[in-house]
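Trainee: Protein chains in written order, with my numbering: chain E, 1 to 312; chain Y, 1 to 312.
Where hints are given, some of them may not hold.
Intra- or inter-copy, both count: the list cannot distinguish identical chains.
Simulated crosslink set (DSS-like; lysine-lysine; CA at most 25 angstroms straight-line) [as the list claims (entries may be wrong)]:
1. K205 to K91
2. K150 to K290
3. K280 to K178
4. K295 to K205
No lab work stands behind these hints: they were computed from the structure.
2 protein chains.
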Amino acid sequence: MSKVVFGVDVGGTTVKLGCFDTEGQLLDKWEIPTRTEDKGVNIIGDIAGSILVKLAKDDIDKKDVVGIGIGVPGPVKSDGTVIVAVNLGWKDINVNTELEELTGIKVKTSNDANVAALGEMWRGGGQGYSNVVAVTLGTGVGGGIIVDGKIVNGATGAGGEIGHIHLEDNETEACGCKGHGCLEQYASATGVVRLAKKKLADSSKDSVLREGEVTAKDVWDAVKAGDELAIEVANIYGEYLGKGLAAVADVVNPEIFVIGGGVSKAGRVVIEYMEPYFDKYVFPGAKGAKFALAKLGNDAGIYGAAFLVLDK
Amino acid sequence: MSKVVFGVDVGGTTVKLGCFDTEGQLLDKWEIPTRTEDKGVNIIGDIAGSILVKLAKDDIDKKDVVGIGIGVPGPVKSDGTVIVAVNLGWKDINVNTELEELTGIKVKTSNDANVAALGEMWRGGGQGYSNVVAVTLGTGVGGGIIVDGKIVNGATGAGGEIGHIHLEDNETEACGCKGHGCLEQYASATGVVRLAKKKLADSSKDSVLREGEVTAKDVWDAVKAGDELAIEVANIYGEYLGKGLAAVADVVNPEIFVIGGGVSKAGRVVIEYMEPYFDKYVFPGAKGAKFALAKLGNDAGIYGAAFLVLDK
Numbered sequence: 001m002s003k004v005v006f007g008v009d010v011g012g013t014t015v016k017l018g019c020f021d022t023e024g025q026l027l028d029k030w031e032i033p034t035r036t037e038d039k040g041v042n043i044i045g046d047i048a049g050s051i052l053v054k055l056a057k058d059d060i061d062k063k064d065v066v067g068i069g070i071g072v073p074g075p076v077k078s079d080g081t082v083i084v085a086v087n088l089g090w091k092d093i094n095v096n097t098e099l100e101e102l103t104g105i106k107v108k109t110s111n112d113a114n115v116a117a118l119g120e121m122w123r124g125g126g127q128g129y130s131n132v133v134a135v136t137l138g139t140g141v142g143g144g145i146i147v148d149g150k151i152v153n154g155a156t157g158a159g160g161e162i163g164h165i166h167l168e169d170n171e172t173e174a175c176g177c178k179g180h181g182c183l184e185q186y187a188s189a190t191g192v193v194r195l196a197k198k199k200l201a202d203s204s205k206d207s208v209l210r211e212g213e214v215t216a217k218d219v220w221d222a223v224k225a226g227d228e229l230a231i232e233v234a235n236i237y238g239e240y241l242g243k244g245l246a247a248v249a250d251v252v253n254p255e256i257f258v259i260g261g262g263v264s265k266a267g268r269v270v271i272e273y274m275e276p277y278f279d280k281y282v283f284p285g286a287k288g289a290k291f292a293l294a295k296l297g298n299d300a301g302i303y304g305a306a307f308l309v310l311d312k
Numbered sequence: 001m002s003k004v005v006f007g008v009d010v011g012g013t014t015v016k017l018g019c020f021d022t023e024g025q026l027l028d029k030w031e032i033p034t035r036t037e038d039k040g041v042n043i044i045g046d047i048a049g050s051i052l053v054k055l056a057k058d059d060i061d062k063k064d065v066v067g068i069g070i071g072v073p074g075p076v077k078s079d080g081t082v083i084v085a086v087n088l089g090w091k092d093i094n095v096n097t098e099l100e101e102l103t104g105i106k107v108k109t110s111n112d113a114n115v116a117a118l119g120e121m122w123r124g125g126g127q128g129y130s131n132v133v134a135v136t137l138g139t140g141v142g143g144g145i146i147v148d149g150k151i152v153n154g155a156t157g158a159g160g161e162i163g164h165i166h167l168e169d170n171e172t173e174a175c176g177c178k179g180h181g182c183l184e185q186y187a188s189a190t191g192v193v194r195l196a197k198k199k200l201a202d203s204s205k206d207s208v209l210r211e212g213e214v215t216a217k218d219v220w221d222a223v224k225a226g227d228e229l230a231i232e233v234a235n236i237y238g239e240y241l242g243k244g245l246a247a248v249a250d251v252v253n254p255e256i257f258v259i260g261g262g263v264s265k266a267g268r269v270v271i272e273y274m275e276p277y278f279d280k281y282v283f284p285g286a287k288g289a290k291f292a293l294a295k296l297g298n299d300a301g302i303y304g305a306a307f308l309v310l311d312k
């Protein structure tokens with residue numbers, strides 16, 4: 001029997017599990033609910049049970065399982081201790097020890113955002129590269145910095161918090177981090193909408209965006225349809241994002257940026273409006289960075305978790 | 001006989017050489033001229049000769065030499081090939097191969113700025129830390145990013161080019177990189193002077209800086225002497241530098257910044273005027289970064305070069 005590896009992505013509502021071969025081929029995936037009650041005391045047992053059932057069902061010998069990788073929503077120490085995971089109710093839990101005890105299989109744990117970045121590097125938009133910055137343009141803006149194939153966790157687990165790079169001195173509204181003028185305030189899904197509303201208020205130009213409630217998708221759909229006002233918004237959006245990613249490139253000079261999250265569902269148009277500004281603001285020696293869309297969507301976490309185990 | 005290691009820092013005018021024990025104790029250091037004529041064809045031979053003479057003079061057996069580390073002013077590939085080093089006249093030279101052939105000793109080569117950063121981490125201001133950002137506030141502003149004890153070279157050798165993070169949209173003068181509003185335009189030695197001149201022109205306030213030509217040292221001396229206008233300049237300087245280093249911390253979240261270069265000779269006052277702005281602009285989770293002054297001065301290169309060899 002050929003070897004397999006499990007990748008587990010623990011979210012606040014569901015736990016995603018994937019069974020992979022050692023080349024990164026997804027053989028099977030499924031979900032179980034995340035039982036967050038009682039400080040999430042059942043979660044690790046549920047994961048162990050689900051994996052053991054899978055082994056029995058498919059007649060997989062434990063000695064053919066290379067390991068279990070896990071991504072957890074919170075800072076994780078290198079020994080597998082989760083300091084705190086608010087969405088799970090966890091505090092000071094060593095996932096490696098507990099899950100190894102229940103399964104008899106080697107376990108490796110890391111932060112979920114970082115794990116998703118590894119997934120995109122391994123089998124997603126960053127495949128073939130080892131110096132990658134994964135950018136998530138979602139409700140907020142997150143990042144995963146990979147240098148020579150390794151995640152940059154940072155001294156206090158705040159490596160890759162690129163959404164909070166300060167870009168705008170004239171911002172009056174506060175960011176979720178309490179700062180003013182963070183990249184996230186412009187480049188997130190809510191950021192696009194905010195920029196659009198501001199433009200609608202400041203301009204008298206006609207636009208499809210004047211009808212009803214505006215979403216990030218509406219803005220990009222209007223851009224693609226050639227709506228002039230929406231295109232002005234896309235340029236403002238692109239300048240903020242390009243300026244922010246240029247700062248990232250000045251620090252770690254990646255081969256490629258992999259752009260994911262809700263906003264990226266609009267497609268390469270997001271990159272097209274950003275790239276000229278990236279080129280304008282980045283150090284000339286770092287100008288050659290590539291830009292790709294994330295490919296794995298919600299599966300990035302299970303891929304990256306599997307990679308955690310296979311990584312030497 | 002206990003083991004020794006050589007650290008070599010190749011500059012455009014002189015080559016600095018150091019002989020260290022394996023704990024990083026500097027046993028001896030000396031310099032030889034850099035013969036840049038004829039495309040620098042003599043430089044490697046001169047280094048080999050100087051080291052072999054030292055071995056003979058001190059009766060050191062070759063088998064007791066762990067290796068020779070070299071820092072070179074230009075981008076260096078991982079196999080020791082210097083792609084180009086303008087100040088030396090070099091182009092496509094494999095330093096490892098050539099110097100190993102001449103000495104029979106293992107050689108490791110890297111970029112000089114990165115090597116100096118490693119030196120400060122190993123035995124300088126960053127001693128005891130492995131996630132370090134070395135910042136050089138000199139004629140320009142340079143950086144060396146160290147993550148888990150390893151230098152971040154970047155995809156095209158532009159890792160740590162933090163002097164070119166864009167900070168100011170309203171800048172009319174161009175930076176050396178042709179950009180406008182780079183950190184270097186404010187935080188370098190020439191940057192301080194530029195800020196001071198602008199403030200002198202815009203303000204009618206009395207100041208010692210109004211007498212004669214202003215240097216970076218004059219500005220900081222005036223700050224220490226309580227000159228009001230100079231203190232205003234220091235606050236502007238501190239805000240730019242703090243904002244730039246905050247962006248760096250949002251990306252790699254270091255344990256410590258080690259501040260070196262000409263401007264840092266003013267002492268901790270530079271850090272004191274910067275730190276409140278760093279705290280203002282950085283992601284809260286990365287706020288705990290420490291700040292230290294570089295300690296090794298011009299010897300950082302030989303220390304770091306020696307470390308290159310000893311690093312596993």
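Trainee: Indicate, hint by hint, whether the structure satisfies it.
Mentor: Outcome of the hint check:
Taking the shortest Cα distances, K205 and K91 never come within 25 angstroms of each other, neither inside one copy (52 angstroms) nor across copies (56 angstroms). Proximity of K150 to K290 under the C-alpha cut-off of 25 angstroms is found in both arrangements, the shortest distances being 19 angstroms within a copy and 24 angstroms between copies. For the identical chains of this complex, K280 and K178 are inter-copy neighbours only, at 10 angstroms across copies versus 29 angstroms inside a copy, given an alpha-carbon limit of 25 angstroms. Taking CA atoms no more than 25 angstroms apart as the test, K295 paired with K205 passes in neither setting, with 36 angstroms inside one copy and 59 angstroms between copies.
When the structure is compared with the earlier hints, violations turn up for hints 1, 4 and for no others.
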